[in-house]
Every structure is written in C-alpha cells, then in structure tokens.
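J.: The chain contents come next:
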Amino acid sequence: MSDEVLWLDEHRIVSLHELVEVSGLREEELLDLVQTGALPSLADPGGEITFSARVVTMARTACRLRDDFELDTRGLGVALRLLERVRDLEMEIARLRAQLPRN
Amino acid sequence: MKYTDYYAALGVPRDASAEDIKKAYRRLAQKYHPDVSKEPEAEARFKEIGEAWQTLKDPEKRAAYDALGSRPQGEEFRPPPDWARRHGGEQSSFEDVDFADLFERFGAHRQRRGAGFGGRGASMPGQDFEVPVQISIEDAFNGTTLSLQLTMPEYDEQGHARRVPRTVKARIAPGAVDGQRLRLPGKGGKGFGGGRDGDLYLDITLKPHPLYKASGHDLYLDLPLTPWEAALGASVQVPTLAGAVNLKVRPGTSSGQKLRLGGRGLPMPRGGSGDLFAVTQIVVPEPGERERALYEELSKASAFNPRKHFDGEGS
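Top to bottom, those sequences are chains A and B. Take the first sequence: its letter number 55 is residue 55 in my numbering, and every next letter is one higher. Counting the second sequence from 1 gives a position; my numbering is that position plus 1000.
Just so you know, the hints here were simulated from the structure itself, not pulled from any lab data. Note that beta-carbon positions come from the ideal geometry of N, C-alpha and C, so glycine has one too. Certain hints may be false.
[As the list claims (entries may be wrong)] FRET-style restraints, in silico, Cβ to Cβ:
hint	chain 1	residue 1	chain 2	residue 2	range
1	A	Leu-31	B	Gly-1194	28 to 38 Å
2	B	Pro-1072	A	Asp-88	38 to 48 Å
3	A	Glu-4	B	Gln-1127	17 to 27 Å
4	B	Tyr-1003	A	Asp-44	45 to 55 Å
5	A	Asp-67	B	Ser-1235	51 to 61 Å
6	A	Pro-101	B	His-1309	21 to 31 Å
[Stated by the list, open to error] Computed footprint of chain A on chain B, listed as stretches where at least three residues anywhere in the stretch have a Cβ under 8 Å from a Cβ of chain A:
hint	stretch
7	1033-1044
8	1167-1173
9	1181-1189
10	1205-1216
11	1276-1282
Between the sequences and the hints, there should be enough to build the whole structure, so can you do that?
T.: Given below as structure tokens:
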C-alpha cells in the first residue's frame, strides 16, 4: 500500500503551528518573516494566520539557511526574497525555452 | 568503514585553528549550499563539508578524530580498541556504522548525559529527508507509483545510529509539474525514544521528452510544416498525451505561431488541464528539379517582400 502524499501547493492550507513543526523555525521567526513580507501568509478573516502549503518549502529553506549560515530573520528575509526572484526568473526562462524550436 | 579526510574536505591543514576551520566552512558552505548553489554536485559536496564541520568545530570530536591518525581518503579501517571510551564516547562493535555516524555518537552520548536521563528516556525526532525524483511527462499525465530505495538512520536502544535500507512507496496523482514538492509525513528517519518520525519530501522534476516540453501544466510541441501546408492551409495529425488529434492549420501560417489545443496539456490536481501549444516550424526540403522550377515560377509571380520593414533603415 502507498503512503500518504501531501501536495505542497497553493490548494493546501497549513496553520502557523503546523508550519512551525515542519519547518523547524520558531513561531516568532515565522511571524517576523511574515511581517516583513518575505513569507506570504493568507488573509485570515478568523484572526488565525494561515499559509499556502507552497510556503512550507520556503520556510524549510529559511531554516536551513538560518542553521548553516547563522542568519537572523533580517538576513533570512533578504535571502528568501532573492531566492523567490531567482525561482520566478528560472520559471520564466523555462517557459520561454519550452517555446523555442529544438533545432 | 571508509576513512574520510575532514581537513581535506574543508581545504585546511590538520593544524588549522578553530577560526580558520570556521572561515573555510563558511566560504565553502556559501559556494555549495544546495539552496543557493548551481554548482554541479553541490548537494553531495555540501554534505561532505557539513559532515567535516560538525566534527571539527567540536573540540572533543576533533580530538577523537585526530586520534584516528591521518589516512588516505576512502581507506578501509576500524577504530582502535578502546578508542571511543578514551575520547568520551560509547564503546561498541562499530558494525554497520558509517564514518559520519561514528562522530554523531559522541554528540548523542553527551546530549543524553547532559539531559540527565542517564542514557535512557531522552527523545529525539527523526531526521527529515529531501529526495529529488525525476518522472516522465507520461507519468505526470497518468499518475504513477514510485518505489523509492532509500538509506536512512535508525537508532538502537542506546541511541546509536545505523544506516538501514528502506523502501517507500508513494502514489503520485496525475498533475505533478516541474518543481512540485510533495510531503510524506512520518516517512523520514525514525525518531528515538518516542520522538516523532521525520518526514520525507519529494522534489519532482520532469524528464526531458523527445516531443513535448513542459511549462507548468502547459505543453509545447514543435509542429513541422511544409511550405505549401503553411501557405495553403492543411489538416495535420498532432500527437497528444491522450492520443492523436487533427489540427487545422490556417492558410498563410508562418513559423513560430502557437496553435493552441485547449485542455490537452497536463492535468491539474484539482481539476482542469493545461493547454498543448503546437509551435509551427516551416521546413524547406532540398528541392528537386520540378520543385525548383515551381519555386522559380512562384518567385516571379509573387510580389511578397518579408523584409519590407527594413526599407529606409540603416542605409
């Protein structure tokens, strides 16, 4: 039998508590990154902060960068923004390359 | 087990100061960190660097490592008798132990001592693992079940890590795209002493395909056309992942035009599908005698100038 597989995409929502558990970042670090706009959160009409599951990958990256480079949340914020820009540019390049003829 | 030269991994001499080791680690970590690096083999290189750093940054572990002496990289060896006990670790048979696990034992031993559990009752969560997985575009379209052969650490009653092979099956529903991340809760490394099991993360990429190129859920396909099909229009058969379809090419079609076949791309996990774009490419054959005569006749008959917009520019 196959194991449970969760898709980390925009259709799945994770709570702040869940993000703390899977990312390894502390709650105050996550909130700091949300406040500076480096980590996008979802609108929270009920007053509870939630995230698209796509953010799990970003938060785990932030945790590794924190541990491996001893970065604080300001440094993490800059690194996450730059990595997102790189990711967007890579996707754009892939989209344009897909349209080029093979020869 | 095979000896690993940690000083060589960090590119420092054996008598390097703690500060020099730290500087070397930071420099190499910035170059090879898998989250920021595009260097080939970055992940494997970063693992080596990290393993060296974890041992050499800790004075007790470094002393234990140095006591093993200097050996050629990769040499088969066993730690001398009583080596671990003399350096504050726990003695064991070192059966099925990796070189990296050897030094983790010192940390685990101290952690349990420090926690005051006397070696019993301390819990440690299992390690998370991230695994890159390549699947074909057909598998992304139809869904697939992966059978992943992994090696993960497990702990014995004393908290000693031992690498064991594991097979994890994962059903990937239709709709995965390049860069899709998936999480398998509890399928990472086993926890110790009641600690939760780690998670397994799959980082999906799509294998190159001889016909299709993917961009998100959209697919692109080169559609070669003869000059006369492009000029006169045609109905051509186009392959799609769900079977061939007929596509109408309008008269006067040029190279590079994108003809959209709606919903013929990759399926989306929550319903709907991307599109398939057939990108026209006019292919001119080596003309035979009769074809050449017809082209010459066409050339005389036509007043078409594709470079009209050059007129008056650059002269």
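J.: It remains to establish, for every hint, whether it holds in the given structure.
T.: Taking the hints in turn, this is what the structure says about them:
1. A:Leu-31 x B:Gly-1194: 28 to 38 Å: Holds, since Leu-31 of chain A and Gly-1194 of chain B (Cβ atoms, about 29 Å apart) stay within the stated range.
2. B:Pro-1072 x A:Asp-88: 38 to 48 Å: Taking Cβ atoms as reference, Pro-1072 of chain B and Asp-88 of chain A lie about 46 Å apart, which means the hint holds.
3. A:Glu-4 x B:Gln-1127: 17 to 27 Å: holds, 19 Å
4. B:Tyr-1003 x A:Asp-44: 45 to 55 Å: For Tyr-1003 of chain B and Asp-44 of chain A the Cβ distance comes to about 54 Å; the hint holds.
5. A:Asp-67 x B:Ser-1235: 51 to 61 Å: holds, 60 Å
6. A:Pro-101 x B:His-1309: 21 to 31 Å: Taking Cβ atoms as reference, Pro-101 of chain A and His-1309 of chain B lie about 23 Å apart, which means the hint holds.
7. 1033-1044: Satisfied; 3 residues make the cut.
8. 1167-1173: holds (count 6)
9. 1181-1189: It holds: at least three residues are needed, and the stretch 1181-1189 of chain B offers 6 whose Cβ sits within less than 8 Å of chain A.
10. 1205-1216: holds (count 4)
11. 1276-1282: holds (count 3)
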